[in-house]
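**Student:** Protein chains in written order, with the numbering used here: chain Z, 201 to 315; chain V, 2 to 110.
Be aware that a few hints might be false.
[Unchecked claim] Quick list of simulated restraints, FRET-style, between CB atoms:
hint	chain 1	residue 1	chain 2	residue 2	range
1	Z	Gly240	V	His76	23 to 33 Å
2	V	Gly17	Z	Pro218	45 to 55 Å
3	V	Ser8	Z	Thr217	39 to 49 Å
4	V	Gly17	Z	Thr282	30 to 40 Å
5	Z	Ser280	V	Lys97	42 to 52 Å
6	Z	Glu227	V	Glu39	34 to 44 Å
[To be verified] According to the in silico footprint, chain V covers these stretches of chain Z (three or more CB under 8 Å from chain V):
hint	stretch
7	235-243
8	302-314
What the hints contain is simulated information worked out from the structure, not anything from laboratory work.
Since the model is a prediction, treat every value here as computed from it, not as a measurement.
Built from N, CA and C at the ideal position, the CB exists for glycine as well.
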Amino acid sequence: DAGITQSPRHKVTETGTPVTLRCHQTENHRYMYWYRQDPGHGLRLIHYSYGVKDTDKGEVSDGYSVSRSKTEDFLLTLESATSSQTSVYFCAISEAGGFNTGELFFGEGSRLTVL
Amino acid sequence: TQLLEQSPQFLSIQEGENLTVYCNSSSVFSSLQWYRQEPGEGPVLLVTVVTGGEVKKLKRLTFQFGDARKDSSLHITAAQPGDTGLYLCSSSNTGKLIFGQGTTLQVKP
């Protein structure tokens with residue numbers, strides 16, 4: 201199994217508070233991704249990174265920011281959480297560009313509830 | 002915009018039965034992946050198919066890629082409770098990776 205650790209695994213917070221989710225990998229893969237999974241919407245890409253300090257937006261990036269200061273860490277930040285951001289968040293990694301190969305390795309997910 | 006449609010959305014069967022789930026698109030796939038996601042965990046890659054007409058087997062799971070590369074199927078023989086989960090297909094095309102909404106499979110003992 202790919203070495204991907206997400207933290208926290210569960211978090212309950214209040215509307216308007218900042219939240220940071222962390223993804224840590226031990227595989228030295230170049231590409232890292234943040235997805236959210238919601239009933240009826242499937243997996244949707246929030247942001248992705250193709251190298252240290254190189255990031256780009258996905259299809260549902262509004263309200264989220266990311267940072268990657270080291271190969272192994274990819275942070276997802278909700279500056280001011282809203283109830284619509286209640287979801288399960290998955291980090292994924294790929295050695296080659298996942299958009300070309302489609303072969304991603306996922307973490308176990310972080311369940312976020314915004315009250 | 003390419004969409005991946007999976008069917009059925011839900012499937013509940015008894016242990017030992019066979020089943021097939023489908024992934025279809027109006028566009029041609031460059032490649033297609035199948036993932037299985039168990040409750041409370043992330044998706045796990047099962048297989049990638051690339052060539053039209055390709056068939057791959059993984060124990061009791063058989064994956065088929067349509068000749069025109071616009072559809073794929075996953076057939077499970079003699080399903081077991083351990084096969085329970087969400088089955089997702091994904092495809093990469095013109096630089097975008099998209100996922101279907103999945104088929105939720107429940108195999109009852």
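**Student:** Flag every earlier hint the structure violates by its number, smallest first.
**Tutor:** 4, 5, 6
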